[in-house]
Amino acid sequence: MTTIAAPSGDLPVSSEPSYLSAGYTLGSWLGTSDHKRIAILYAISVTLFFFLGGIAVTIVRVELFTPEADVVTADTYNRLFTLHGVIMVWFFMIPSIPNIFGNFLLPLMIGAPDVAFPRLNLMSWYLNIGGASLTIYALIAGGVDTGWTFYTPFSTMFSNTHVLATAAGVFLAGFSSIATGVNFIATTHMLRAPGMTWFRLPLFVWAIYATSIVMVLATPVLAITLILIVAERWLGLPIFDPSRGGDPVLFQHLFWFYSHPAVYIMVLPAMGVVSEVITCFARRRVFGYTFMVYAMIGIAGIGFFVWGHHMFVAGMSPYAGLIFSFLSFVVAVPSAIKVFNWTATLYRGQISFDAPMLYALGFLGLFTIGGLTGLFLASIPVDVHVTDTYFVVAHFHYIMVGGTVSAFFAALHFWWPKITGRLYPETWARFAAILMFFGFNFTFFPQFIVGYLGMPRRYHVYPPEFQVYNVLSSAGAVILAAAYLMPLGYLAWSLVWGRRAGRNPWDATGLEWQTASPPPRENFPRTPHVDVGPYDYHPEGMSPAPYQPRHRGQGDQA
Amino acid sequence: MLAALMPSSASTQGATTDAIFFALLGLSAVILLLVLTLVVTFAIRYRRGSKADRGALPAIISRQFELGWTATTLFAFLFLFWWAGSSQLSALIPPKDALEVHVVAKQWMWKTQHANGAREINELHAPVGVPVRLVMTSQDVIHSFFIPAFRIKKDVLPGRYTDTWFEADKVGVYHLFCAEFCGTDHSRMLGRIVIMTPEDYAQWLTSQLEGDDLAREGAALFTARGCSGCHGPSSPVHAPKLVGLYGRAVPLSDGRTVMADEAYIRDSILLPHRDIVAGYDPIMPSFAGILSDGEIQSLIAYIRSLASSPERSVQPGTASSGSLVPGTPSERSPAMTPGNAVRRQPPGEFDGGKP
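In order, the protein sequences belong to chains A and B. Each step along the first sequence adds one to the number in our numbering, with nothing skipped, and position 53 is 53. Each step along the second sequence adds one to the number in our numbering, with nothing skipped, and position 60 is 60.
Treat the hints as calculated values from the structure; they're not laboratory data. Do not rely on the hints blindly, as some may be mistaken.
Covered stretches of chain B, going by a simulated chain A footprint (3 or more residues, C-beta under 8 Å) [to be verified]:
1. 49–57
2. 143–152
Chain A residues, not near chain B, derived (Cβ > 10 Å throughout) [as the list claims (entries may be wrong)]:
3. L30
4. V182
5. H529
Glycine included, C-beta positions come from ideal geometry on N, C-alpha and C.
The shape of chain A in the complex, shown without the other chains (with noise of 0.2 Å):
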């Protein structure tokens, strides 16, 4: 196995300017190159996004407590649930992670000033917020119903809402997703610093370099689809209208030829996070490294070919249902792999429990709920019955919310005093990090029951013996709201009132912790040489030692 150790060595300390005082005015913001700034850029929209995502669910889940219809009206209900998925999906889960961590990061875990393309980064925000823009545009014109997946022929000849202006939102969205990848990729393979070989790359930077790859290969796919959604919708085009001779299967399998790659976008960037936070908590280096990065190319190479188990029951031959069943089997096998090396991370550490360890191991119980859940859906018989169904709702979530946002929640804390060079009140951050995990159980879990009993999704109404488990998982979702907005109050707090962080309060090791907190806009005062692997917690047959934070305590008392 590889040798896997920190650089040796302190680098100098840069006595330059933080990025965050290279310039106050907006223009020193709107028109920066600067990777870290961009990746606050999109922080700042991608919190709002999900935010508004946020309202629009609790709305729903409000409707839901009763099964009458009696806070929105079916369309109303429609609208909220669609501007929920389009929201989150492209505004919030595919950027987040990617975009400000891997931004911020990428570069300093490499050992690099910036990205290859400053300015095609800078214009990648430029291109996700004018699809936002466009997206909350065709919101405030009265919104629209298809449902994230644009199914046709709903939404191309039936639907009477703004399909156009989110459909051109998101095409734009994936443009910006487009050029990110390409950033990165050329990034991490030009500007390594001298010394960092592939099988030295922290498993952060392996895992934005495979959803790189996944962006770039399958949003074209995307872009092409809502193309021929255009062409159907507004210049008439027959191509999946049925008496024309279309095929409105044929968008089916278009759109989950992206979009189910596009769940390895989401996910794939919280394993590497996830790595990251445990490996430094537990004090060892991760267990099976080449392991976990050959698990995490296998899953972004198997994920293009498991697309059409979302359509076993739409007609599809039960041949081809067959291989899909079989694949998506497969692709299940190295999300186990990477559950077992965190877990084996863990024996013989040295384990402390700070917020974003809290959120990673959150992370780790509901994403093994989340996978296993998809076995479910990989067996033909049972996915039959429980597709389009509550059980569904529930399994996207646990991968996605629960490992996602766990994930996005754990770099938060865990990068925050890199990024902002302050540190926020530890009790706080454990304490929305519990509260969240059990909000979302709460708010998820009697989702399966309700979906093996049959309760199709996208209900606004529902049959009244139905009620019991939504009135549990409504409740489930008032907690999490409020976990959710936490965060929100105690990091402002410590903007202002943190102490000051200093270089390395969580005593990692990793390049980006060798530089000064915030960095210096031109990140290291010289370019760094490795000469060791990732993750050096311990010598060789050696045990690790505790660390003693520098944070515990502080802020705590305001």
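Since chain A is already given, all that's left is putting chain B on it; use the hints.
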């Protein structure tokens, strides 16, 4: 306790699906418990500063463990695939003697039609213990025909036939849901599946016989729409004869062979130039936009009837083949209103006599 967490199972497929479901649940519980136990144990035993032994890992552990758990999960998953996949294949083909019911979905109702012409809106009566094959199409968008108690679901597509089947093994009333989002009233596109004893069903069915049966209706259309001008037994036009056609392999002019099933007949009516029967000229006009889905189903039923009894004489009737069924919300099934639960009723309480 567990029973309350499970939907009632009322079909032969239900048992298989539930068995696979519980096997998956068992496996998942084992894996999850394993992971959680290890995580919690390690978290406590190896918490920061505890006195646990932290000597270096034996060199053998890493590689053996990786290969061990990779192989174990792979074999477990492949076994599940084999089991789930093979039971799927065995349930694929409906039995030959299955009753056939046609389903047309539209925003936002289910129209079902029995072979004898009896029609229902948002309801489907069927006998217990008899396989029922559903031949489904949609007039507008994609819907999905979902009966949780039978563990069946199939998308209902415009411009195409999909089919599925069930064999109910318990008398009762069950939910029918639309599972594919189809617009404003998606969540109100509900219906009831009424499973009756064969005797009750026979009685119910006879009391429904008011309209013409499907095949007779089709025969009338066959004349009224001019099909008989070319395809009739004494027609001078060189067109394929339809007697004995259904279910037969048809050679096409480009060398392919297709099975004359519902989908083929439908395509031949709407897209006559796509599959030209060998030995004939492509002279038939398309009936797309001229015939409704219901009319096409009647014509198919008529052509099917020609397959089984070529000498059967058909009396062209005068019934209109347009939609005879009411569709306003007030006339929908009681199950459409969320307040009205689908209740199980003893078989005697079915209002079998009323249309």
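Consistency of the hints with the structure:
| no. | hint | result |
| --- | --- | --- |
| 1 | 49–57 | holds (count 7) |
| 2 | 143–152 | holds (count 6) |
| 3 | L30 | 39 Å, holds |
| 4 | V182 | 33 Å, holds |
| 5 | H529 | 28 Å, holds |
Every hint from the earlier list agrees with this structure, and none is contradicted.
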